[in-house]
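Asks: Listed below, chain by chain, are the residues.
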Amino acid sequence: MTTTADATSPDPRRAPDSFGSAGSPGPLGSAAAAGRRTAAPWAGFCQPRRAAFWVYLALLVGFGAVTLRNLGVGAAMVGAATFFLVLVVWGLWAAVALGVVHYLDLFGARPRSLLAAAFGWGALTAVGIALTANDGVLGIYAKVAPAFGAAWGASLTAPFTEEVSKVLGVVLLMLVSPRVVHGLLDGFVYGATLGVGYQLVENVDYTLEGLAQADAGTSATLATMLLVRGLLTGVASHAAYAGLTGMAVAYLLTRQGWRPARRRWQVAGALFLTAAAAHALSDMPGILMLVGNTLPVAAVAYAYWRARRADHRQIRAVLATDVTRGVLTAEEVHALGTRRWRRQERRRVRRTQGPAVAARVRALQRAQLLYAAARTEAVTHPDPSDADRIHILRLGILTLRGAPALGRSG
Amino acid sequence: MDGGVERPGWGGALAVGVAAVALAVTPNLVNALIDGDTPVRPGTTVPVGPLQYDPAPGWVEDRAASSYGQRSVVRRGAVTVTVESVPPGAADQAEQDATTVVRMREPPAAVAVTVTAPHRIDPATDRAVRRMVASIRPRPSADRSDPEARPPGAWPPGARSPELRFPGPQHPEASPAGSTLP
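Those sequence lines, one after another, are chains A and B. Quick note: the working numbering has the first sequence finishing at residue 485, numbered continuously throughout. Quick note: the working numbering has the second sequence finishing at residue 186, numbered continuously throughout.
Rather than coming from a laboratory, the hints here were simulated on the basis of the structure. Among the hints, a few may not be true.
[Stated by the list, open to error] Facing chain A, from chain B, some residues (calculated, C-beta under 7 Å):
| hint | residue |
| --- | --- |
| 1 | Gly-13 |
| 2 | Ala-24 |
| 3 | Ala-26 |
| 4 | Ile-38 |
[Unchecked claim] Across the chosen pairs, the derived CB separations fall in these ranges:
| hint | chain 1 | residue 1 | chain 2 | residue 2 | range |
| --- | --- | --- | --- | --- | --- |
| 5 | B | Arg-135 | A | Ala-298 | 39 to 49 Å |
| 6 | B | Thr-49 | A | Ala-336 | 48 to 58 Å |
| 7 | B | Asp-101 | A | Gln-341 | 51 to 61 Å |
| 8 | B | Thr-120 | A | Ala-336 | 55 to 65 Å |
| 9 | A | Gly-147 | B | Asp-101 | 40 to 50 Å |
| 10 | A | Ala-222 | B | Pro-112 | 18 to 28 Å |
The beta carbon of each residue, even a glycine, is placed where N, CA and C say it ideally should be.
Chain A on its own, in the form it takes in the complex:
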């Protein structure tokens, strides 16, 4: 790959920072600011003009109260100090898990407010819905088939109630801000973020329950829970299931007009059922649980690999005219496909042209990702403001590469 960043561009040491700072002067700062300014009004979560925003809030308040009340019961069992210790420990775990999800977010320049809303739905609303629904379903099992329900009730109930409660959040967020979903990885990232929130609360709840019942001390119980629910299953649990179901919703929405409706429902259904099956297996007794904790890793890895290729293919198609016009090179578009390829390119540049130019390549890659997102959004959800936004982002790329600006068309 050849990258044409050279010494004629603005101060290369400032490039990454100035691009990432909305208030920075100069074309790079302007481009970044434009990317955010133009995105903010319709891409963020706070959109009072959209019904989905208010439905989200209503459900958050209603079912969030159920979740908080449940946590309150757990806190009362162990005391305030232990409760906050558990909260801090699992909060740190959630931060790491979110970091993993962020690392897997290859093409994202997504609003933090929407990610926070996804996390909030998972932590409060989805847990509240699932708690209420699970109580009802397990109550039915207890009356109709108590022995069967005790052995299999959890594995037959949770995959349906919990996965549906989570996927409804993904759907609602996509209704709040439809434009931010233009690829499968978008669905994966929002779903997985939501799943991390769900798992955080579930882990806290289970730990409180364990502490209240166990003979072992607080640290021993906490360490066991961290080992089992934090490390062994880790993000390959609710985050993985919700990532898959998020991809299912994204496939349904983003393939409209590209794929027949039947095909879209088949793929989305397969993704949802895979997540539900993995969840069911992980709740089953005995050896099946091990399979259930392995299946999500394999399923998510495969689905993620396919989604990354599909999204990258989509980006290549959308940016084809830009390659023709010299805004990006074909090698640059190729390198956007994975973090590793981008990193390899930066290392190559650092070796041959020094760290300053490598820093500019990093800024250039960020600008290209923003540009690719804007171009894709303009295709999947056309908007009159796209032309200005794309033009400013393109200017940023051309300035970083030291090339002359092109016209505003395209």
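Dock chain B against chain A, hints included.
Replies: Just chain B, lined up with the frame of chain A:
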């Protein structure tokens, strides 16, 4: 902006809202409509933690209040007997709350038996409750032949059951509260 972005989109949003509420409420409605009371048949054995017991025939098992394998609630008239597995560490606390606590050394286990009755317990009910308490034993898979494994004072055949402290005034013909079986 295009029309799709400007539209509030009430249809889709309400559909998601209704689905969320329906998902949470429907199972509870169905659960409320199902009668959880089941008559206890002769020979019925109910697991409670690693132990089990024989509920008295003719009583009614309240499955809604029971939790299979952990808590069993049986009723006759206004008398309710709750047999609940308690963690070994919580047995002392349970001693204060329950009518009696049956402890098992091997496997290490304990169940709390709580009898609630708003009125005096007649002799027949008294005998039935004592038989239920006396029937508490390890589940077959957890059974041990070691007599030392049996809980103190209750389980070897012919031994006396633990003391029962029934709530409220007792029926004149019933054993006095806190008595042991004859």
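Asks: Next, verify each hint and record whether it holds.
Replies: Results for each hint:
{"no.": "1", "hint": "Gly-13", "verdict": "5 Å, holds"}
{"no.": "2", "hint": "Ala-24", "verdict": "5 Å, holds"}
{"no.": "3", "hint": "Ala-26", "verdict": "9 Å, violated"}
{"no.": "4", "hint": "Ile-38", "verdict": "5 Å, holds"}
{"no.": "5", "hint": "Arg-135(B) with Ala-298(A): 39 to 49 Å", "verdict": "45 Å, holds"}
{"no.": "6", "hint": "Thr-49(B) with Ala-336(A): 48 to 58 Å", "verdict": "54 Å, holds"}
{"no.": "7", "hint": "Asp-101(B) with Gln-341(A): 51 to 61 Å", "verdict": "56 Å, holds"}
{"no.": "8", "hint": "Thr-120(B) with Ala-336(A): 55 to 65 Å", "verdict": "59 Å, holds"}
{"no.": "9", "hint": "Gly-147(A) with Asp-101(B): 40 to 50 Å", "verdict": "22 Å, violated"}
{"no.": "10", "hint": "Ala-222(A) with Pro-112(B): 18 to 28 Å", "verdict": "24 Å, holds"}
When held up to the earlier numbered hints, the structure conflicts with 3 and 9 and fits the remainder.
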